[in-house]
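J.: Heads up: the sequence lines are chains A and B, in that order. Quick note on numbering: the numbering used here labels position 75 of the first sequence as 77, and the sequence is numbered without any gaps. Quick note on numbering: the numbering used here labels position 1 of the second sequence as 62, and the sequence is numbered without any gaps.
Misleading hints may appear alongside valid ones.
Which residues of chain B face chain A? A partial, calculated answer using Cβ under 10 angstroms [said to hold, decoys possible]:
1. 79
2. 94
3. 125
4. 126
Pairwise CB distance ranges, derived in the manner of DEER restraints [said to hold, decoys possible]:
5. A/14 - B/136: 55 to 63 angstroms
6. A/68 - B/89: 35 to 43 angstroms
7. B/868 - A/68: 31 to 39 angstroms
8. A/110 - B/497: 37 to 45 angstroms
9. B/106 - A/12: 29 to 37 angstroms
These are calculated hints, taken from the structure and not from any lab test. Beta carbons are placed, not taken as given, at the ideal position from N, Cα and C, and that holds for glycine.
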Amino acid sequence: MGKRKADEPRPEDFLPLHRDTFQILVALADRDRHGYSILRDIAERGGGAHPIGPSTLYSSIRRLLESGLIEELDERPDPESDDERRRYYRLTNLGRRVAAVEAERLQRLLDDARAGGLLPRRT
Amino acid sequence: MPGPGYRLRVYRLLLRLYPAQFLQEYEREILLTFRTEWLRESSAAGRWFYFVRAASAILFNSPLEHFQMLTHDLRYAFRTFRRSLPLTLVAVATLALGMGVNSALFSVVKAVLLDALPYGKPDQLVRVWVRNPQQGFEHDVTSWPRLEDWRARSRTIQGFAVFGPARLILTEGGEPAQLQGTSVSANFFRVMGVKPLFGQDFENNADQEGQPKRIMLAYGFWQRRFGGDPSIVGRQLNMSGDTYLVMGVTPPLFQFPERGLDFWTPFALDARSRTARGNFFLNTVARLRDGETLKHAQLEMDGIAAALAQRYPVDQHLGVALVNLKEDLTGSIAPALWVLSGAVIFILLICCANIAGMLLAHTAERRQELAIRAALGAGRSRVVRQLLTEAALLFCAGGAAGIAVAYVGVKLLLRIAPPELAQLQDTHLDLTVAAVTLVVSAASGILCGMRPALAASRLDLASDLRQGGRRVVGRMDSRRFRSILTIGEMALAMILLTGSWLLVRSLQRIEGVSLGFDSRSVSIATLLPPRTRYKDGKATAAFYTQLLERLRAQPGVEGAAAITTFLLGRLPDSATFFIDGRTEQIMTPLTMDGVSPDFFSVMKIPLLRGRYFDSSDRADSLPVVIINQTMARRYWPNEDPLGKRLTFGNPKDAKVEWDTVVGVVADTERAGVDQPVFTESYAPLVQASPRGVQILIRTRQGAAAARTSLVTALRELDRQMPVARFSTLDAELGGQVASRRFTTFLLTLFAVAALVIAGVGLYGLISYLVTLRRQEFGVRMALGARPVDVMRIVMGRVMAMAAAGLVLGVAGALVLTRGLQSLLFGVTRFDPGSYLAAGIGLLAVCAVAAIPPIVRALRSDPLAALRAE
């Protein structure tokens, strides 16, 4: 599924990531999740500021699958608590690297904002 | 807690906007998520808000999803095409050709036959022809007195305008140039419904005697000669010894009565031309009053013609025919254009059939790949969508390339089109036509792509994967479908070949008709001595006599002669006349040409009785004429015409000049072989003293040498004399059949194109069938079959299909050549020779198309075949 070998793209090629895309990658960073779990994670972390609709979520998931940043799991890690209709997704190595370089990019941006006096300096 | 109910149903309905494959994959989870989130909202308002947000996200996202799928499919399609580059190139080239010729020809058809004329209220415009059924002229010109009668009596027609050819020599600025133009009545532009681009129209009395000369310049000429300088209006130009006041410039689209004219100027007619009822020389165009119909106007004109017939003997057998101007202009070419349109539609059909066949084979070869994709979860709709995208892409590429071909095609058509197609001048690739072509290309792409796509979606996964798709590809129905397509192509090609062969034979017949003179190695040039330096007929005649003497003295010149107008058009200058001793005026117009004494010997026109002109025929000697055989037979069937006298004047006039017949020459086809022979008369140049003449030079050293001789001779006599239309007589004669040649050339071109494309189609099909049966051939040869047996199998198949195509084609041609009827000359549409020739052509192309696949079949390796078994 979407594995790339010799011609594997560099993570930088994907930058900058769309907000929704980055949110999904972040949601999958600590553990594998199904779609609804991703949605909840985003909603909770964003405090409801940028909720993502169901159809938008799955459009993004499809694109991430296609570009090889996430993959679908065959097994279900948490069979007790979920619905059998839910499918689970995991970050691929590429996806993890892409999310990391995007995070670094945002970090640099924040640092610049701080240096410019837009944010309080860290002590 | 109650569920989302109808809102879920609405949401679900909206989800249909997504591509089917996406829904197949995610619909359940999306709905589940929607429901769960909806239930999480505690307030009714919150739920509404959630619903609206989620629903609008669909509207925003679904087009994006489609777009991404399309780009994905397109990328995939490009990869597929790159993998099978030769097939793709042949397909695109085939399409480009089919659509190119279609767009090009239909641009022309639209411009000529369908678009309205670029004049105000063009439907009101009619050509007014004199009908002269007794002499077999349905469309004859008229005379000034008759025009005035029409003007005075008609109530249904608001204006009659007349016109006729005119030539002027422009001596200002640079080389003297001979200009081609039209003399018109003062109301000409108002009747035509055309206003000058700038400047003023002619005044109402501009065509009266004694008025100062006026001229209207054609847009093209104004651009060429005066660089589009607008200050030209109001300037005086010196032309042919007179000064002409430039009134204005016509709009670029105005090209009436023919293409490439330089000017329009009001008639300057002398009293005789205004009063001679029998002097037929005016072309008439008229405009109906608002609300009047052609039918009503025709009725009225019939009545007027009958009244005039009662009153004037000249009008006794004359009628009037009104013809819608557009029909009149296109009447001669319309049948040819419709035939050519049919031909290009055939070509498009052949192309589409070819492409459909190729796509079918292409899909069949990819069954294994498609089966794998299906196994990996691409649904039927996904595969169909992919294949349709490929087909549509192919057809769009073909369509785009076709528009490029059409662009060039229109330019080429304009270059070879006969000059009488005035409307062609500004024909360009019509954007509507091009758009329609693109739509047709995409639609036929979808249609042709549909069948292979449906066939592919009926995949038997297990067997396709197992067998690598090799066995199943040649399923009976797809093979039969391709065979039917190919047979259809051959039938269409056969019809076109037969039609073009019939036209080629007609052209041969026409060109084979003896013209009655020897046109080989004769050059022709037109001279028009300006009135300033050559005041009268005596001066011009003296000039011509000297010129011919000098020409004859030039090295290599075998003979030189002069005649007023050598090639007669449809309606040559002619007049009614009287024969001495007979009371009634003869209404069949008699042509009158002035010729130099050795004209007949230079042109090798045989003398039947009497004598040629010689040096004893002087301006002051007895007026004499030589007549042609048709004239002699018609008026002196049982008598000797020699010594008889005739006159174009009025015999009651005491000073009337009688011309004595001194010779009878054989008939010639000067008017064109598909025209009747006129009654003709020739007078000695010194007695007829025309202003302009055509010089005929016979030399075996070629046209360039003839031209040099003429220029040398002219330089000695008059350096300022412009020469117009230097050409060879054969080229000018070619002009008489230009329209026929145009049609024949194009139809032949189309037929050959159709044959080649059908040949490519057959080649593709046979290659495909051979590939399918290669193993079988190998086995056969391993078991002792000789190469000739294998060849017989393949060739048998080819010939069976060719025979089917041939039979269908002959049947089609028998019906469809009816449309060609009016274009044939000297052959019937059932001409067996043409059918035979077309049939042989078709079979030959089939045989050639079958050779490469047969060679491949013969190379089938028996051992490899057995190993595979």
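J.: Using 10 angstroms as the Cβ threshold, decide whether residue 94 of chain B counts as touching chain A.
T.: It holds, given that the least Cβ distance between residue 94 of chain B and chain A is near 4 angstroms, below 10 angstroms.
J.: Using Cβ atoms only, decide whether residue 126 of chain B comes closer than 10 angstroms to chain A, and label the hint accordingly.
T.: Status holds, d = 6 angstroms.
J.: Cβ-Cβ distance between residue 106 of chain B and residue 12 of chain A: within 29 to 37 angstroms?
T.: 47 angstroms, violated
J.: Taking 31 to 39 angstroms as the hint, is the beta-carbon distance of residue 868 of chain B and residue 68 of chain A inside that range?
T.: 54 angstroms, violated
J.: Are residue 14 of chain A and residue 136 of chain B spaced within 55 to 63 angstroms by their CB atoms?
T.: 22 angstroms, violated
J.: With 35 to 43 angstroms as the target window, see if residue 68 of chain A and residue 89 of chain B comply at their CB atoms.
T.: 20 angstroms Cβ-Cβ, so the 35 to 43 angstroms window is violated.
J.: Honestly, do residue 110 of chain A and residue 497 of chain B meet the 37 to 45 angstroms range at C-beta?
T.: 56 angstroms, violated
J.: Tell me if residue 79 of chain B is really an interface residue toward chain A, meaning its C-beta lies closer than 10 angstroms to one of theirs.
T.: 7 angstroms, holds
J.: For the hint on residue 125 of chain B, does the least C-beta distance to chain A fall short of 10 angstroms?
T.: At about 7 angstroms, which falls below the 10 angstroms cut-off, the nearest Cβ of chain A leaves the hint on residue 125 of chain B intact, so it holds.
In this structure, the hints that do not hold are numbers 5, 6, 7, 8 and 9, in rising order.
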